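As a plain string of letters, each chain reads:
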Amino acid sequence: MARYVLGRFFGIIGVLFIVSIMIFLMIHSIPGGPFDAMPTTSEFREIPEHIREKLMAKYGLDKPLYVQYFRYMWAALRGDFGISFRYGEPVTDFISRSWPATAQLGLSAMAIGIPIGIGLGILAALRPNTWLDYLTNVVVITTFVTPVFVIAIMSIIIFAVVLRWLPSGGWGEPNQWILPTAVYALGQIGGMARFTRSSMVDAMQAEYVRTARAKGLRERAVVMRHAFRAASLPLITLLGPMVVNLLLGSFFIEAIFRIPGIGGQITLALYNRDYPVIMALILLWTFAIAIAYLVTDLLYGVVDPRIRVGGTM
Amino acid sequence: MISLSFVLLLIFLALFANVLAPEGYDFQQYDKTWLFPSLEHPMGTDPFGRDILTRVIYGARISLAIGFISNFIALAIGLPYGAAAAWYGGAVDFVLIRIIEVINSVPNLLLGILIISVLGPGFGNVLFVFAITGWMGIARLVRGQFLSLREQDYVLAATCIGVPDYRIIIRHLLPNTMSPIIVSVTLGIPGAILGESGLSFLGIGISPPLPSWGRMLYDYLSAIQSHWYLAFFPGLMIALAMYAFTLMGDGLQDALDPTK
Amino acid sequence: MKRFAPLFALFAVLVMLTAAGCVAPAAPASEMAEEEMMEVVSTGGVTLPDDAAPLDQQVFRSAGIEGKHFDTMRNEYEGFAYEATIEQLAKMGPEGDWHPAAADSWELSDDGRTWTFHLRQDAKWSDGVPVTADDWVYSFRRYLNPEMANVYAWFLFDLENGEAYNKGEVEVEELGVKKIDDYTFSLTTKVPIPYYMFKINWHAAPVPRHMVEEHGDDWANDPATAPSNGPYRIAEWNRGKNVIFTPNPHYTGPYPATFEQRVQVIIPEVGAPLLQMYQAGDIDGGVGVTGDDLVQVLADPQLSQEAYISVMNRGVYIYMNQRTPPFDNILVRQAFAHAVDRTSLCDSVMRGTCIPAHGFLPKDFPCERNDDPELIAFQNYDPELAADLMAQAGYPGGEGFPELTIYTKEGEFIREAEAIQRMLADNLGVSLTPQNVERAFYVDQMRNGELKVALNRWGADFIDPSNFVDWWDDPAASYFTGWTDEEYRNLIDTARPMAMSTERCDLYHDALKILARDAIGVFVMNPVQAVLYKDYVSGLTLTDDGTLGVYNMMLLDSAYVKE
Chain A
1 MARYVLGRFF GIIGVLFIVS IMIFLMIHSI PGGPFDAMPT TSEFREIPEH IREKLMAKYG
61 LDKPLYVQYF RYMWAALRGD FGISFRYGEP VTDFISRSWP ATAQLGLSAM AIGIPIGIGL
121 GILAALRPNT WLDYLTNVVV ITTFVTPVFV IAIMSIIIFA VVLRWLPSGG WGEPNQWILP
181 TAVYALGQIG GMARFTRSSM VDAMQAEYVR TARAKGLRER AVVMRHAFRA ASLPLITLLG
241 PMVVNLLLGS FFIEAIFRIP GIGGQITLAL YNRDYPVIMA LILLWTFAIA IAYLVTDLLY
301 GVVDPRIRVG GTM
Chain B
314 MISLSFVLLL IFLALFANVL APEGYDFQQY DKTWLFPSLE HPMGTDPFGR DILTRVIYGA
374 RISLAIGFIS NFIALAIGLP YGAAAAWYGG AVDFVLIRII EVINSVPNLL LGILIISVLG
434 PGFGNVLFVF AITGWMGIAR LVRGQFLSLR EQDYVLAATC IGVPDYRIII RHLLPNTMSP
494 IIVSVTLGIP GAILGESGLS FLGIGISPPL PSWGRMLYDY LSAIQSHWYL AFFPGLMIAL
554 AMYAFTLMGD GLQDALDPTK
Chain C
574 MKRFAPLFAL FAVLVMLTAA GCVAPAAPAS EMAEEEMMEV VSTGGVTLPD DAAPLDQQVF
634 RSAGIEGKHF DTMRNEYEGF AYEATIEQLA KMGPEGDWHP AAADSWELSD DGRTWTFHLR
694 QDAKWSDGVP VTADDWVYSF RRYLNPEMAN VYAWFLFDLE NGEAYNKGEV EVEELGVKKI
754 DDYTFSLTTK VPIPYYMFKI NWHAAPVPRH MVEEHGDDWA NDPATAPSNG PYRIAEWNRG
814 KNVIFTPNPH YTGPYPATFE QRVQVIIPEV GAPLLQMYQA GDIDGGVGVT GDDLVQVLAD
874 PQLSQEAYIS VMNRGVYIYM NQRTPPFDNI LVRQAFAHAV DRTSLCDSVM RGTCIPAHGF
934 LPKDFPCERN DDPELIAFQN YDPELAADLM AQAGYPGGEG FPELTIYTKE GEFIREAEAI
994 QRMLADNLGV SLTPQNVERA FYVDQMRNGE LKVALNRWGA DFIDPSNFVD WWDDPAASYF
1054 TGWTDEEYRN LIDTARPMAM STERCDLYHD ALKILARDAI GVFVMNPVQA VLYKDYVSGL
1114 TLTDDGTLGV YNMMLLDSAY VKE
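Those protein sequences? They're chains A, B and C, same order as listed.
Sequential numbering from 1 applies to the first sequence in this note's numbering.
Sequential numbering from 314 applies to the second sequence in this note's numbering.
Sequential numbering from 574 applies to the third sequence in this note's numbering.
The hints are simulated quantities; they were obtained by calculation from the structure and are not laboratory data.
Any given hint could be a false lead.
[What the hints assert, rightly or not] In silico EDC-like cross-links for lysine to aspartate or glutamate, where the CA-CA straight-line distance does not exceed 20 Å:
1) B:Lys345 x C:Asp999
2) A:Lys58 x C:Asp791
3) C:Lys763 x C:Asp790
4) A:Lys58 x C:Asp999
[Unchecked claim] Footprint (simulated), chain B over chain A, 3 or more residues, beta carbon under 8 Å:
5) 15 to 22
6) 229 to 243
Please read these numbers as outputs of a predicted model, since none were measured by experiment.
Backbone N, C-alpha and C fix where the C-beta goes; we use that ideal spot for every residue, glycine too.
Construct the complete structure from the given sequences, taking the supplied hints into account.
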């Protein structure tokens, strides 16, 4: 087991290196650079060539790509992820000040969304084709079929503009947390409930569940100990990346509700060609996803001991 | 049944849009702009004086094309990929899963923007984005199911008596994997339709004047407080289409379930 | 352009200046309680009008994107509400007139090249250190210092040796910025520039030399080391959330703070629904809305009351790369110019959120003569003429014309582009696909010549026609358009140093007619904007006819929150 985890961990390091090369090449191959034209103004004005050269030199962008890459990685290995072109502060500072908002939002959305989603899914599965099932379906699907930016903007119009109960956005005061958290959580409920329901329906028809029932186990025990346990296998596949996504934030939610997190920033960084921020955020993301997959695979073993985790490693 | 008929209706609309639609999708009439729904224009007209009903009908074509084609590509890659990873296990699994991890580690939205930044916007490239971001989910799902199923007694038994791999996969594993895959794909089709609206939010979706529901929804959302009908009908179509596909997925799942 | 102000307005200004000039000391609290005074005196020392809300409600919140730092003289990125913290040499009033601010007075030498500024002698930074001519001279030198790599350095290239110093060709002493005594300095330009006050007060601010020397460039990252010389100081910078400005205790100038707090709420560059923020009451004003948001505003009885509507100082035009076919052919460009139905575009499609234009200068800009029939005739909507021209150009009915992409960037003008592609298709038979791209991509395509046709805009940096017409002759612009013209260059070079007069406008108008005649750009429209201020924001300094005025730097100087 320990050997397996260690092996996977080295695998993650390898993945990080491959991703860093891939992304480095990709962001440098997309057309346009950070100092091509006057930033943030939409009028088209070029930066004078002699100033552009200075800026490129200042940020080391005048060197050949492989030199830039090795410089970057060498610094990154020592914890220096460079300075954001857009914000002028070290990327590590930028992430450490931005991430708490994203994490808080993600965790609260998770804490609300995942239990409700799973609960609704189980309920619907236990009573298939009853009014409860249909109602859940309608609720779930309505949240699921509407683009998140529509829900976000409509919720602002309803709760902030018309009813004036809540602020339109921002981050800091507790009343500013309500709308984005609710909208974010709502987005998780749909997918979660649907998946839970279909897995549960499958599991409830499995032989061992029937056997358990035949043994005269109470329904509650059948559902929780047998059916849900089996159903949670596909759920875990879904949960791992979902948790990471939640912790790393949503562009739409953070941009529309003006949340100073990292979820809104990764897209903006790409627009601004803010290479250090893009690199750091993607590497962070890679690391988080890889860990999530590792945990997912380990959880498989716990939920379903027949899976030989590490058996071949 | 309702959902199936609605999906069929959508397919019908998509196929025969040019016959069914009252006008051309880019027929701009500047004396009829921003009109409230009426008998002549049941969904009103857009800022260009184009009949919104017409554009919604043509929109079915665009949205379904994106949904179906991108998912077909995703399935064509993801199914064999995931099956191979699970069946062969060991080094093959390790490498295949690491490849997924590498690609997956770039957030979908960002990967989409990156691809569009490199290739430029356009219908084909939007399709490509959804195919590239969609197949990994299917591959992982198939792998997870296979991993679980291949330890089942009947599969072990089949292996022991020397049934060839492909037969085991086709006879035993695939049918039992179908239902989550169907759920995943039925979610994938509306997911792509929804995703296209997200790209529209970022201004890199389908280029005008092609009528995509997502772009119509986002473009006119800014006028929702004074001219709600501009964004409402395209938005309604997105919701209905997604609803129909999702319900149809459920129906198919029940119908295809081998345990029944 | 300065109009003769009616007497009562002059009177109003005088009253305002006197009121602002004498700083009323705040009455002791006990006395106030005894007399039950209703009078509200701001911390900045301004006695607010009778209908003013209590002090704790004297807060003004606006929205803006996050700046990189507070160093306006190292402006790699823009963003913060600097006008609250920075006192320029002079301030432009609503009617385009100049009022003393950091400088008590100024004079221009006889050759029209040297501006001498006499600073207010009691001026202090918000940390109590005096503001002197050294600070100003230091700031200008630093702005152009090659080591700073300031992307906006070109803005002061018309200072004597400005460009040469920035390129490292001459020493700093050669720069046309001279200290005369502790409270006097001068700026010398290469050639006489009659509108230099605009430029200098738009982009020039002093930096606190004592802080820069102590903390280096980091001084501007922390409110504690970034003192201001204006009515407000930076109290807090909550990154990603807001910047809070409070009255500067050491401010002695003519525009003391009326608000107890000014807040800039930070919004992301993309996606935040500004209008809804304003409607929800999360910001109090300064929200400029265009397009669909403006349609919402006009349709809403409450919002339309709070809106100050004006034509923006922005020209939107179809950019065409004239280096390569098909736009190297003047007939093609002229055909395009005559094929765009600007009236339908603005009135029907855009629902009145823009006004049609046939020339490059925006409406009401100095020297603007867009009503000149001769100018209009060059680019008026005439589908038949357009089709004829297209046929003459060798593309009858659009036959043989390449399929092109008409670019827009950052979602701006995408609707205009969608209408224009249809007009061009209907009238000329050409097929253009509108394509919205991000800024970096757009700029890159423009740089490498891939961008053949696009919807572009030019907005004024300062109020002088030269700001618009000079662009087309700029080496960078010529590189992108592939167009240069001797006659044009002569006209604008002659007009630039002249004092504003009808003759100067004649020259500029001739130049603008060349642009329109040869269809160097297809000039389409000027956007209309509504700037919103909540009805409780009172005391805005407006023009005589109740509009915000163009680059009115005094707008909020006597504003307060009404009960």
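Going down the list of hints, with the structure as the test:
As the CA atoms of Lys345 (chain B) and Asp999 (chain C) are separated by approximately 17 Å, the hinted pair is consistent with the 20 Å bound. Distance check on the hinted pair: Lys58 (chain A) and Asp791 (chain C) sit about 16 Å apart at the alpha-carbon level, within 20 Å; holds. With a C-alpha separation of about 29 Å, the suggested pairing of Lys763 (chain C) with Asp790 (chain C) is violated against the 20 Å cut-off. This hinted pair does not check out: Lys58 (chain A) and Asp999 (chain C) have alpha carbons roughly 51 Å apart, beyond 20 Å.
Counting residues of the stretch 15 to 22 of chain A whose CB lies closer than 8 Å to any CB of chain B gives 4, so the stated coverage by that chain holds, three being the minimum. Counting residues of the stretch 229 to 243 of chain A whose C-beta lies closer than 8 Å to any C-beta of chain B gives 4; at least three are required, and the coverage claim holds.
Going down the numbered hints, you'll see the structure goes against 3, 4, while the others check out.
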